[in-house]
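Hey, can you work out the whole structure from these sequences and the hints?
There are 6 protein chains.
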Amino acid sequence: MRTAVYRRATFNAAHRLNNPAWDAEKNKAVFGLCNNDNYHGHNYTLIVKLVGDVDPETGYVIDLKVLNDLIKEEVTGPLDHSNLNLDRPEFATLNPSAENIARVIWEKLRKRLDDSMDLQVRLYETDNNFVEYPA
Amino acid sequence: MRTAVYRRATFNAAHRLNNPAWDAEKNKAVFGLCNNDNYHGHNYTLIVKLVGDVDPETGYVIDLKVLNDLIKEEVTGPLDHSNLNLDRPEFATLNPSAENIARVIWEKLRKRLDDSMDLQVRLYETDNNFVEYPA
Amino acid sequence: MRTAVYRRATFNAAHRLNNPAWDAEKNKAVFGLCNNDNYHGHNYTLIVKLVGDVDPETGYVIDLKVLNDLIKEEVTGPLDHSNLNLDRPEFATLNPSAENIARVIWEKLRKRLDDSMDLQVRLYETDNNFVEYPA
Amino acid sequence: MRTAVYRRATFNAAHRLNNPAWDAEKNKAVFGLCNNDNYHGHNYTLIVKLVGDVDPETGYVIDLKVLNDLIKEEVTGPLDHSNLNLDRPEFATLNPSAENIARVIWEKLRKRLDDSMDLQVRLYETDNNFVEYPA
Amino acid sequence: MRTAVYRRATFNAAHRLNNPAWDAEKNKAVFGLCNNDNYHGHNYTLIVKLVGDVDPETGYVIDLKVLNDLIKEEVTGPLDHSNLNLDRPEFATLNPSAENIARVIWEKLRKRLDDSMDLQVRLYETDNNFVEYPA
Amino acid sequence: MRTAVYRRATFNAAHRLNNPAWDAEKNKAVFGLCNNDNYHGHNYTLIVKLVGDVDPETGYVIDLKVLNDLIKEEVTGPLDHSNLNLDRPEFATLNPSAENIARVIWEKLRKRLDDSMDLQVRLYETDNNFVEYPA
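Protein chains in written order, with my numbering: chain A, 1 to 135; chain B, 1 to 135; chain C, 1 to 135; chain D, 1 to 135; chain E, 1 to 135; chain F, 1 to 135.
Just so you know, not all the hints are guaranteed correct.
Put simply, identical chains are the same to the list, so a pair is met inside one copy or across any two.
[Unchecked claim] Computed cross-link-like contacts, BS3-like style, restricted to lysine-lysine with a CA-CA straight-line distance of at most 27 Å:
#1 Lys65 x Lys28
#2 Lys72 x Lys26
#3 Lys49 x Lys108
#4 Lys108 x Lys26
#5 Lys26 x Lys65
#6 Lys28 x Lys111
#7 Lys72 x Lys28
To be clear, the hints were calculated from the coordinates, so they are not data collected in a lab.
Here the structure is a predicted model, which means the values were calculated and not measured.
Next up, the structure:
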């Protein structure tokens, strides 16, 4: 049977929800306060889950220092203290909903990890609202 | 691949564990302090999980305001500040264990949600004891 | 300079807010949902703070096992899984608001502790509402 | 002896740290990532502390529904999902550091509360960084 | 459909990561600070998940008092306030990584539980690092 | 009026409670499981509180990056992943109770901070047991 390891990380960012294919009125109707022209922000909490076999020599699925460095390089380094809509090309045309941010983070990490390991990311936008990809 | 969204909500309620088919002695033996005739209570924390596809126009699996309103209408509105055994017909003959409360909440929400989405509820009775339905 | 030690404990109880000197209509108007005839309930979290000198032989202000036993004997033993209004004589005529519960707990502990130590209790009714006595 | 009551609330906002009396280079040197031209954001958690006497008729220092409405009207209503620098006149020329936000919130609430009650606010910018006013 | 019940418990222990088949230099290179000769320690948090059918007479998957006693007898009793490497025969030759501790705990509990129930354990070494077995 | 700023940090360490002036029997009687010859351990959480005036140019009581670096240099750098009794000269003859660790940390930080600022440290040994110095 395989084992899951989890690593928690945080980043703070501004964002707004907006579909550029819609006019301002429709965006306001659909996204409400989250559509504020001047952005709002969150302390995002990310939990990365990796499933794999335990290496009998180390007792590790993965060295968490390695995983932590990867999360910093791919996710929290670029995203922390950023404006997701303006500063991050990933969201230049993609609405930075929690669902979309989680999928973007998953894609960034997936290509850096060995295929033998399964990857899932959970992203908390607030304590009350969070998402997971893939489900 | 599908995405999960989670919404957290809380309600406070009184309850007691009791099987009306048993006499008082057996109820006390099985349920201990939880059988107190005069009830005790909890701050229940509910986490609703929905799994579905992300709408490419909104970036949402579901608008969380819609989900939040549904949770208030079906769950936290009726249950908050109630006595589950005395005030709620769902538990008139059903023992309000955390397992049974979770299933009742799942049934209330399931019939209001689109069949394309999977639903799971987690219910914390305390920080140390919680349940999930379906497993 | 003196040192503070804190011990956290929990208990679950039912209660209702009600002033027996008022009629039902006024109680409902003032206390709202908290006045429910059939009670509601909470997971109460208690934090006991003691301020004193550190014993140079033990490095302790107080042996926390002693404090913990005292909290069980005076507070969590009697109050856990109880109905505060019906089961506890302290609240037979005293409205079990968080403020009043905190003061009652303080009085129970104060008389069991050495006068050289200062005592303060904090009581969480929910994560969002809590009180402290004395301020 | 008096009793303290606490009420917790949250709001999400964008901000940047910037002293308009300084040039861009000095602002970047002093405020680092927090000076990002495009803003970043936080889930702010506010804890309002009121110290007063317990009303013997209600068992309350203050009706928390009243306090909660006041916090919504003065703080979380105006600040939630806002950009503090651009949307809030309070911070048009005042750097929205946690220290300054806490003092502004205190001033808003202080003028709405009875003089018989002492007021203190605690503001969490993240789980690791928080401030209190007055100390 | 089946229901999951969860029980949370804690224990405090010292440990060091070390592979006795390697020399000191390699152990230091691989395990870093975690290889400290004199040990370091953690507050471990364990979450035990059991999946089964709800007994219609009790409303329980399992009586949590029974599960709690089992966790004390098999896990927190023996491991609390211990040095995992020196005091626990399970880790005499097995590196006490979080992954290995979780599997050992799973094996201890698995043999005491009815085959009709599925078992999974989650173990937090810190708030940021945790594991689950089986994945 | 002055403002308080708080910074949270963590470190993991092994320790045992022992008074070398006592024999083994008395140490076991007084300190119980905490006296284990082979040590046990904790995830310690430290909260540093500084009280001072807000600098009108920065909006800061202190630059938290400066405070964070100081905490790393004086506290979490030396203590993390250590055995307090064996690796740290501060505890060569001082029993590493939470009370004594808190005072040692306070002394280390106090001499590095400007006299215009008041300092208090809170140290969590577990979620249930914590201390504060000075009270």
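Inset, instruction - First find the shortest C-alpha distance between lysine 72 and lysine 28 inside one copy, then the shortest across copies, and answer within, between, both or neither for a cut-off of 27 Å. - result: between (34 Å within a copy, 22 Å between copies)
Legend entry - Homomeric proximity label, lysine 72 with lysine 26: Cα distance no greater than 27 Å: between (37 Å within a copy, 26 Å between copies)
Legend entry - Alpha-carbon proximity between lysine 108 and lysine 26, which holds within one copy, between copies, both or neither at 27 Å: Classified as neither; 31 Å inside a copy, 32 Å across copies.
Inset, instruction - Have a look at lysine 49 and lysine 108 and pick one of within, between, both or neither, based on CA distance no larger than 27 Å. - result: both (14 Å within a copy, 25 Å between copies)
Inset, instruction - Have a look at lysine 65 and lysine 28 and pick one of within, between, both or neither, based on CA distance no larger than 27 Å. - result: between (43 Å within a copy, 14 Å between copies)
Inset, instruction - State whether the alpha carbon distance between lysine 28 and lysine 111 is at most 27 Å within one copy, between copies, both, or neither. - result: neither (36 Å within a copy, 30 Å between copies)
Inset, instruction - Indicate which option fits the pair lysine 26, lysine 65 if close means a Cα-Cα distance not exceeding 27 Å: within, between, both or neither. - result: Between copies only: 16 Å across, 45 Å inside.
Going through the hint list in order, the structure does not satisfy hints 4, 6.
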